[in-house]
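2 protein chains.
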Amino acid sequence: MNETIETILAHRSIRKFKNEPLDGETVETLVQCAQAASTSSYQQVCTIIGVEDREKKEKLAEFAGNQSYVADNGYFFVFCMDYNRHQIAADMKTIDIHETIQSTEAFIVGTVDAALAAQNLSIAAESLGLGIVYIGGLRNSLQEVSDLLNCPEHVLPLFGVAVGYPDAEPGKKPRLPMEAVFYKNQYKSKEETQDLLNQYEQETAEYYSERTGGKRTEGWVTQITASMASPKRTYMKDFVQSKGLNKL
Amino acid sequence: MNETIETILAHRSIRKFKNEPLDGETVETLVQCAQAASTSSYQQVCTIIGVEDREKKEKLAEFAGNQSYVADNGYFFVFCMDYNRHQIAADMKTIDIHETIQSTEAFIVGTVDAALAAQNLSIAAESLGLGIVYIGGLRNSLQEVSDLLNCPEHVLPLFGVAVGYPDAEPGKKPRLPMEAVFYKNQYKSKEETQDLLNQYEQETAEYYSERTGGKRTEGWVTQITASMASPKRTYMKDFVQSKGLNKL
Numbered sequence: 001m002n003e004t005i006e007t008i009l010a011h012r013s014i015r016k017f018k019n020e021p022l023d024g025e026t027v028e029t030l031v032q033c034a035q036a037a038s039t040s041s042y043q044q045v046c047t048i049i050g051v052e053d054r055e056k057k058e059k060l061a062e063f064a065g066n067q068s069y070v071a072d073n074g075y076f077f078v079f080c081m082d083y084n085r086h087q088i089a090a091d092m093k094t095i096d097i098h099e100t101i102q103s104t105e106a107f108i109v110g111t112v113d114a115a116l117a118a119q120n121l122s123i124a125a126e127s128l129g130l131g132i133v134y135i136g137g138l139r140n141s142l143q144e145v146s147d148l149l150n151c152p153e154h155v156l157p158l159f160g161v162a163v164g165y166p167d168a169e170p171g172k173k174p175r176l177p178m179e180a181v182f183y184k185n186q187y188k189s190k191e192e193t194q195d196l197l198n199q200y201e202q203e204t205a206e207y208y209s210e211r212t213g214g215k216r217t218e219g220w221v222t223q224i225t226a227s228m229a230s231p232k233r234t235y236m237k238d239f240v241q242s243k244g245l246n247k248l
Numbered sequence: 001m002n003e004t005i006e007t008i009l010a011h012r013s014i015r016k017f018k019n020e021p022l023d024g025e026t027v028e029t030l031v032q033c034a035q036a037a038s039t040s041s042y043q044q045v046c047t048i049i050g051v052e053d054r055e056k057k058e059k060l061a062e063f064a065g066n067q068s069y070v071a072d073n074g075y076f077f078v079f080c081m082d083y084n085r086h087q088i089a090a091d092m093k094t095i096d097i098h099e100t101i102q103s104t105e106a107f108i109v110g111t112v113d114a115a116l117a118a119q120n121l122s123i124a125a126e127s128l129g130l131g132i133v134y135i136g137g138l139r140n141s142l143q144e145v146s147d148l149l150n151c152p153e154h155v156l157p158l159f160g161v162a163v164g165y166p167d168a169e170p171g172k173k174p175r176l177p178m179e180a181v182f183y184k185n186q187y188k189s190k191e192e193t194q195d196l197l198n199q200y201e202q203e204t205a206e207y208y209s210e211r212t213g214g215k216r217t218e219g220w221v222t223q224i225t226a227s228m229a230s231p232k233r234t235y236m237k238d239f240v241q242s243k244g245l246n247k248l
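Quick mapping for you: the protein sequence lines, in order, are chains E and B.
Read in UniProt numbering, the first sequence has 142 at position 142, and its numbers run on one by one without any break.
Read in UniProt numbering, the second sequence has 119 at position 119, and its numbers run on one by one without any break.
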């Protein structure tokens, strides 16, 4: 065990930050760390928009479903898949790359590139004693987010990362048992998965029960399947395609 | 600057490993780190398949376009987006979640979840002095990869990560200038981007020229646009949809 691994294992999402902005040097170090992540075929499909403007942060907090910590934090980053840069480069060279950009493959590449960069930034922040939380809630209102940040075609905001000095010490919810997510040489049978899910249902039910003084007695299986019963963000397919992505 | 940030900034992909397998404890620590990453709405949409079987590793190396380091390394992980677990959970509860699983939104969530986990594992490995390389090349032949690892419906192998004791000291290619990927409050204008791309073209051209004794004189703009002129992995849309993903 070393400091880095300790940092990684100690992660929990922080949703309450002190009223203390990150200094410019720290922000730059974090972005440098984001840029140091692996990128598919050297394509570098990620753009980060640092939102410092108070009004814009409040708008984003509203778009994300009134999550106050989107506005109240030390710094707020929006991670975008960005093929606009490649399109401009292609125009400079009069090369047509639209089929590549519109492909499902490119959509995977862009999402992975942005996520790797974001996780580098997050771990770097946590190693400095800062807290972080991912804001998938931006995807509640991507048209509005995109308009607010002037994102052109081929640029898709994927999520935000709020960073700041922690003002809370939240617990750590138990993850799925390792045997349920880490297999050897081949995928597990349905029966094994069912057994592991039953075990995990019980473990998480006990966790919630303890935390709520017995008020909540349902575990992960119950919680997750209920939350997935109605599809969320059903506008996503059309919106993503309107950005010229994930079409082919 | 601390150890973690030093580790992150020192990253370069390693494509030659010593013939020395990772011990079981190290593998478990790495998977624990992967599991500690943020996950959208506690959904935990990532499954990791550790490939230890020599024959399977050689097959994967072949599928990835004959990349020998897919077979020759200290350990090989395949990261999958996995909604099969949620489908089994839903069946246990007789809840219908197929519209959620098939959505573009879920496809983003699953890709992000897997990438965050993989990046945690990668940084943890590098903090231990190991080297890593992402293998997007698995996506050359996903049907074959999926069959080899017995992945059922709703499970999509996204990429591999080869880990091992480095047996090479590759250089570090210059990333895009920070001003070209980090914007404040809004997206940058086309003109600014063009200027930055011209600057980067020159910088990378000089880098390649130095490395090749003047044989290669083209930079990133030339290289990337040429490589994107013909779309890759055009079967991806159909394959992904055949897995019941990214349809709605």
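Hint data in this document are derived by calculation from the structure and do not stem from the laboratory.
Computed from a prediction, not measured in an experiment: that's the story for all the values here.
Be aware that a few hints might be false.
Given that identical chains are not distinguished, each listed pair holds provided it fits within a single copy or across any two copies.
What the hints assert, rightly or not - Heads up, simulated DSS-like pairs for lysine-lysine below, C-alpha to C-alpha not over 27 Å straight-line: (1) 190 <-> 215; (2) 247 <-> 184; (3) 18 <-> 173; (4) 18 <-> 247; (5) 190 <-> 56; (6) 247 <-> 57; (7) 237 <-> 247.
We went through each hint and held it up to the structure:
{"no.": "1", "hint": "190 <-> 215", "in the structure": "neither (32 Å within a copy, 55 Å between copies)"}
{"no.": "2", "hint": "247 <-> 184", "in the structure": "neither (34 Å within a copy, 29 Å between copies)"}
{"no.": "3", "hint": "18 <-> 173", "in the structure": "within (23 Å within a copy, 38 Å between copies)"}
{"no.": "4", "hint": "18 <-> 247", "in the structure": "neither (42 Å within a copy, 42 Å between copies)"}
{"no.": "5", "hint": "190 <-> 56", "in the structure": "between (47 Å within a copy, 22 Å between copies)"}
{"no.": "6", "hint": "247 <-> 57", "in the structure": "neither (31 Å within a copy, 33 Å between copies)"}
{"no.": "7", "hint": "237 <-> 247", "in the structure": "both (9 Å within a copy, 8 Å between copies)"}
Hint check: violations occur at hints 1, 2, 4 and 6; the rest are consistent with the structure.
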